[in-house]
Amino acid sequence: MPVLARMFEAAGMSTVMVTNMPFWAEKIGVPRTLGVEFPFGHILGRPHDREQQMRVIRQALNVLEGAPEAGTIVHSEEQWPGSFEEACEISHPTTPPPIGAEMGRYIGSFLRGIRRRRRQG
Amino acid sequence: MPVDSFRYLSRLISRYYKLSRVERELPIPWTPLSGPLNDTRFGLVTSGGLYHRGHEPPFDLEREAREPTWGDPGFRTLPACIAPEEVGVAHHHLYADDILADLNILLPVKRFQELAGEGCIGSLAEHAYSFMGYQGFPADLSGWHEDSGPEVTRRLLADRVDCVLLTSA
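Listed in order, the protein sequences are those of chains R and L. Its first residue numbered 1, the first sequence is counted upward by one per residue in the numbering used here. Its first residue numbered 1001, the second sequence is counted upward by one per residue in the numbering used here.
Please note: incorrect hints may appear among the correct ones.
Covered stretches of chain L, as calculated for chain R (at least 3 residues, CB under 8 Å) [to be verified]:
1) 1009 to 1016
2) 1027 to 1033
3) 1132 to 1141
4) 1151 to 1164
These are computed hints drawn from the structure, not numbers from a lab. Since this is a predicted model, take the numbers as computed values, not measurements. From the three backbone atoms N, C-alpha and C, an ideal C-beta is built for every residue, glycine too.
Make the full structure from the sequences, and use the hints.
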């Protein structure tokens, strides 16, 4: 998404990105971002909760209007209304994605490489 | 309180992301608002793997199952007036039930139609666009950069869109 926000903005459209991972917005550099601490796939709120969805959207529109400069990130104080356990459950698919096991192996090897380089100074 | 980007991720994946090297490309592009929101035409874009069931094929999850390090780099088009039963979700990495129950948690077409009706925004573009956020592992964004991103940009501009709201899945 950061890549697309940058592309649209460079083409002359103003953008605001709503995400639960403002980390990437910070790292890559996104014109305007609203961070929300909601589960994956539920970025604007719970199904059929019109009021909550509208609150998040209005916050995003405020960011769009009020951001003073490129790279603005606003952190929403909107709280996920359910329990953390339930939020974790609906944040991920019921069946692990095909990359699952392979990703674990790759990351394990990546982290071992970093530790090795640190030891070697 | 700042949003915790890693709240819903495993410690292993969080650590990997935190240690990954990403070059921050400067300057960050910037287009000032063209006018007041009530005179602005909005486009909606998500990375939720949505598609218009019966009109376009889903994202290619079969190939991803065969080649787990690959993710479909294309995009799909959804009319703003799409019927709920015509919305499909093709994304191996998401819990789809809630999106199918209410599209607006990811692609807020109904909410934006309401905002247009209230006079808060000018209008909503006729079509919204979806990408599928998993672009392989490690991620390869060349398809978005070179093909699907420029094509969606062209379509949004052709639809006279001033502002885009993007929702990451």
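How the hints compare with the structure:
no., hint, in the structure
1, 1009 to 1016, "holds (count 4)"
2, 1027 to 1033, "holds (count 7)"
3, 1132 to 1141, "holds (count 5)"
4, 1151 to 1164, "holds (count 8)"
Violation of the numbered hints given earlier is absent; every hint is satisfied by the structure.
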